[in-house]
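Q: First to last, the protein sequences are chains C and F. At position 16 of the first sequence (counting the first as 1) the number is 16 in UniProt numbering, and the numbers step up by one without a gap. At position 141 of the second sequence (counting the first as 1) the number is 141 in UniProt numbering, and the numbers step up by one without a gap.
There could be a bad hint or two in this list.
[To be verified] Some, not all, of what chain F presents toward chain C, calculated at C-beta under 8 Å: (1) T110; (2) I117; (3) P119; (4) R154.
[Claimed, not checked] With a straight-line Cα cutoff of 30 Å, these simulated DSBU-like cross-link-like pairs (lysine-lysine) come out: (5) C:K50 x C:K259; (6) F:K305 x C:K8; (7) F:K305 x C:K92; (8) F:K16 x C:K92; (9) F:K16 x C:K4.
[As the list claims (entries may be wrong)] Derived CB-CB ranges, DEER-like: (10) F:L301 x C:V9: 32 to 40 Å; (11) C:K126 x F:P151: 29 to 37 Å; (12) C:K126 x F:T30: 16 to 24 Å; (13) F:W23 x C:F66: 47 to 55 Å.
Don't read these hints as lab results, they were simulated from the structure. On a predicted model such as this, the values are computed, not experimentally measured, just so you know. Ideal Cβ positions, reconstructed from N, Cα and C, are used throughout, including at glycine.
Spelled out, the chains give:
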Amino acid sequence: MNSKTQNKVAIGGLYGIAGFVVLILLALLGFILVSGVPQLSWHFLTAPGKAFLKGGGVGVQLFNSFYLLILAMLISFPIALGAAIYLYEYAKDNWLTTTIRTAIEILSSLPSVVVGLFGFLFFVVKLHLGFSILSGAFALTFFNLPLLARSIEDSLRTVSDVQREGGLALGLSRWETVSRVILPAAVPSILTGVILSAGRVFGEAAALIYTAGQSAPALNFADWNPFNISSPLNPMRPAETLAVHIWKINSEGIMPDAKAISSGSSAVLVIAILLFNFAARYLGKRLYKRLTSA
Amino acid sequence: MKSTQQLERQLKRRSKAAKLEIWGRMVSLTALLLIVAVVVGIIGFVASKGIATFTSNHVNLWDFLSGKNWNPGITDAHGKPEVGALPMIVGSFLITILSALVATPFAIGTAVFMNEISPNKGAKILQPVTELLVGIPSVVYGFIGLSVVVPTTRALFGGSGFGILSGTCVLFVMILPTVTSMSADALRAVPRYYREASLALGATQWQTIYKVVLRAATPGLMTAVVFGMARAFGEALAVQMVIGNAALMPNSLVSPSSTLTSVLTTGIGNTVMGSLQNNALWSLALVLLLMSLVFNLIIRLIGRKGRLQ
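One chain only, chain C, in its complex shape (with noise of 0.2 Å):
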């Protein structure tokens, strides 16, 4: 075989390669929204599960998600932040940021199931908080902070150099560049980050089935005092999310329809996570545009 029948033949290949990745995307997608979609309806949506009979719904684990979600971004947003700016704006070049980066790196890597078992010991043994909300919003803080923390650190680089000179030359102090100069610039992209975290926290399921629990007790969507049991917003009590209820009714579930409730989940999850990536990509275009006036 002469080299120009080989570059044809390898050339093919690849494109058969890119082909059937694309084609695999197609499929999953495919397989979880044929067969989620019918599934769906507002009382799926909305109605309590039920554990023994068929017609259950989901509304408390897709509460659940969403609490836990804002409660975790709340948390682990302005240490992210913090971590970030001083790793990239204060941080000397030595062998002490070295080794920080190294654990951050660590912590990235660290198998979220491990991080998930950390927070059962410390948070839920330790501490006595029991499987409930606030240990499963600590769990998943661990979890997305080293993401959180390069993905800012990320868009601070994006910021040239040229803005803080010109910051510190007007004599503001480091600080005050840092928070009125470089952090407007840096919003776009790092409202991005955040959003396009929050779509990999919606979906973790393995680091919060033994710090959030793998119970969905009934809620009271009338009572919105924070220290009744029954209230949503309740911190302390135990909250089984969308991405744990699948796993659950897939290994120890009884009920009659757990397949048709986990495609339906699978497609809810799914469909929340591909708006968590539009917005952030529209978002990120919109804001960009709006604050930099380019």
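Guided by the hints, dock chain F onto chain C, whose structure is given.
A: Frame of chain C, contents of chain F only:
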């Protein structure tokens, strides 16, 4: 005298901006140290729990790593508890290596396509495709594995359909996007003039890709594959759903077996804290943690070697 003192104090006093500066610096440093504390805490806690099997239950480390019987509640003929973790360790490694073997050609092929053959289609189609694949939650992969891959394996190879093969299929799709996007980054880092020089020498596009670009990008590609392996090794729920969860030595690719992560997810809730059964599970978690550190180290070593060349 008083007025000079006042003046001195006034001059030496920190301005508002300087106070704000110190405050901001402290707050951001605290946040950073908090993350470091979390890392140290996780490693410390899991290690102290994982060592308990060997220190307080007096299990021999070698028995733990090489024993083939996993039944922590039962003692064997010699009165020793059956805590052989080898089946899970073998299961984890087997599934990781197999899925990496399958995923690597597809991932690198796709990355080459994105970068070298059709950058336009790559940016418009394949980039979003890999991003969406990364975003799909692992339980959804597990659910699809359970409802599509397992029945297919059952129909093709008999048995229950649960096992290493199904796990490999699921993990292949899960690590594919990660390895692809990292490989694409590695290829992008190869300077343009390498390609131009090769093409100018009369090499075909494939010869350029195969003999120049891929060679130059090898450290980066290896990092991508190891990264994918680390992800496969640590993946819990998707694997647990399709592997069959039998703590036996895998004697074929289609017999039910288990991995470190699958035993952890099913077991930790059903054992009592502090008991041997529970401690043995924490030892598995420690193995998992150590392996994740090892993967990290390998990535670092490859990176260092790549820089030296």
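Q: With a cut-off of 8 Å on the beta carbons, see whether R154 of chain F makes it to chain C.
A: Not OK, violated: R154 of chain F not within 8 Å of chain C, min 16 Å.
Q: L301 of chain F and V9 of chain C, beta-carbon distance inside 32 to 40 Å?
A: 36 Å, holds
Q: Are I117 of chain F and chain C close enough, Cβ to Cβ, to be under 8 Å, as the hint says?
A: With a closest approach of 6 Å, the I117 of chain F hint holds.
Q: Does the Cβ pair K126 of chain C, T30 of chain F satisfy 16 to 24 Å?
A: 22 Å, holds
Q: Is the shortest C-beta separation between T110 of chain F and chain C less than 8 Å?
A: 5 Å, holds
Q: Hint P119 of chain F vs chain C: min CB-CB distance below 8 Å?
A: At about 12 Å, which exceeds the 8 Å cut-off, the nearest Cβ of chain C leaves the hint on P119 of chain F violated.
Q: Within a Cα-Cα threshold of 30 Å, do K50 of chain C and K259 of chain C meet the stated pairing?
A: Answer holds: K50 of chain C to K259 of chain C is near 14 Å, not above 30 Å.
Q: The hint says 47 to 55 Å between W23 of chain F and F66 of chain C; measuring C-beta to C-beta, is that right?
A: 34 Å, violated
Q: Going straight from one Cα to the other, do K305 of chain F and K92 of chain C come out at no more than 30 Å?
A: 25 Å, holds
Q: Okay, K126 of chain C versus P151 of chain F on CB: inside 29 to 37 Å?
A: About 43 Å separates the Cβ atoms of K126 of chain C and P151 of chain F, which means 29 to 37 Å is violated.
Q: Within 30 Å, alpha carbon to alpha carbon, are K305 of chain F and K8 of chain C?
A: Between K305 of chain F and K8 of chain C the Cα gap is close to 34 Å, so the pair fails against 30 Å, i.e. violated.
Q: Regarding the pair K16 of chain F and K4 of chain C, is the alpha-carbon distance no greater than 30 Å?
A: Roughly 72 Å between the alpha carbons, so the hint for K16 of chain F and K4 of chain C is violated.
Hints 3, 4, 6, 9, 11 and 13, counting from the list given before, are not met by this structure.
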